[in-house]
Amino acid sequence: MINYKRFLTLIVLAITLSACGNAAKRKVVIVGSEPQVSQKADSEKAIPSASNVKAEAGDEEQTQELAALTYDAAPVEPDVNDDPKQLLGINTDALKDLLGTPSFIRKESPAEIWQYNAKDCVLDLVLYDAVTSYVEARDDQVRPMDNRTCLRRLLLSKQ
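In mature numbering (1 follows the signal peptide of the UniProt record, and there is no 0), the protein residues as written are -23 to -1, 1 to 136.
No lab work stands behind these hints, which were simulated from the structure alone. Since this is a predicted model, take the numbers as computed values, not measurements. Hints may contain errors.
[Claimed, not checked] Derived EDC-like pairs (lysine to aspartate or glutamate); straight-line CA-CA distance at most 16 Å:
| no. | residue 1 | residue 2 |
| --- | --- | --- |
| 1 | LYS96 | ASP74 |
| 2 | LYS84 | ASP60 |
| 3 | LYS62 | ASP117 |
[What the hints assert, rightly or not] Label-pair distances were calculated between CB atoms; the ranges are:
| no. | residue 1 | residue 2 | range |
| --- | --- | --- | --- |
| 4 | ASP117 | GLY77 | 18 to 24 Å |
| 5 | ASP56 | ILE(-13) | 27 to 33 Å |
| 6 | LYS62 | GLN92 | 17 to 23 Å |
| 7 | ASP116 | THR78 | 20 to 26 Å |
| 8 | ARG115 | ASP60 | 29 to 35 Å |
| 9 | GLN118 | LYS62 | 22 to 28 Å |
| 10 | ALA(-10) | PRO55 | 56 to 62 Å |
| 11 | ALA(-10) | LEU133 | 55 to 61 Å |
| 12 | LYS96 | ALA(-10) | 57 to 63 Å |
Here a beta-carbon is modelled for each residue, glycine too, at the ideal position from N, C-alpha and C.
When you get a sec, could you build the whole thing from the sequences and use the hints?
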């Protein structure tokens, strides 16, 4: 029975020590108090209590302050209506109010193609009888892209 208790004690001790990980390498600094030394027999060394350990590098004491936690929030983009369907069926005046003057206008009777440039994309609007009937976006390598993404970039660049 005694061997069983010793074995159980050793297992608990081993689990406890393994849970500590690299606790011996960690630097613990208690600011404003001195380490308390437990009193042992004269033949034993005095051992500081675990709650008041000061780490030392060589003979010099090193103190570290905890870094203040900072929260760097990502800048919030303004809320814009980036639904490309809002462009369909509006006339040229409403289109200019919303997107400004186009970068390029191409007339191909009976249609006009208004082109707007945004960051890394081009938005083409096809107008018939001065009313928008088709929207298409492409990236800077002339590959089709999401209309909403390009319209969002365009609207944010206008603000």
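Now for the hints, and whether the structure bears them out:
1. LYS96 / ASP74: violated, 20 Å
2. LYS84 / ASP60: The hint is violated at about 26 Å.
3. LYS62 / ASP117: violated, 23 Å
4. ASP117 / GLY77: 18 to 24 Å: holds, 20 Å
5. ASP56 / ILE(-13): 27 to 33 Å: violated, 60 Å
6. LYS62 / GLN92: 17 to 23 Å: Once the Cβ atoms are compared, 19 Å apart, the range 17 to 23 Å for GLN92 and LYS62 holds.
7. ASP116 / THR78: 20 to 26 Å: Roughly 22 Å apart at Cβ, these two residues keep to the hinted range, so it holds.
8. ARG115 / ASP60: 29 to 35 Å: violated, 19 Å
9. GLN118 / LYS62: 22 to 28 Å: holds, 26 Å
10. ALA(-10) / PRO55: 56 to 62 Å: holds, 58 Å
11. ALA(-10) / LEU133: 55 to 61 Å: holds, 59 Å
12. LYS96 / ALA(-10): 57 to 63 Å: holds, 60 Å
The structure shown violates the earlier hints numbered 1, 2, 3, 5, 8.
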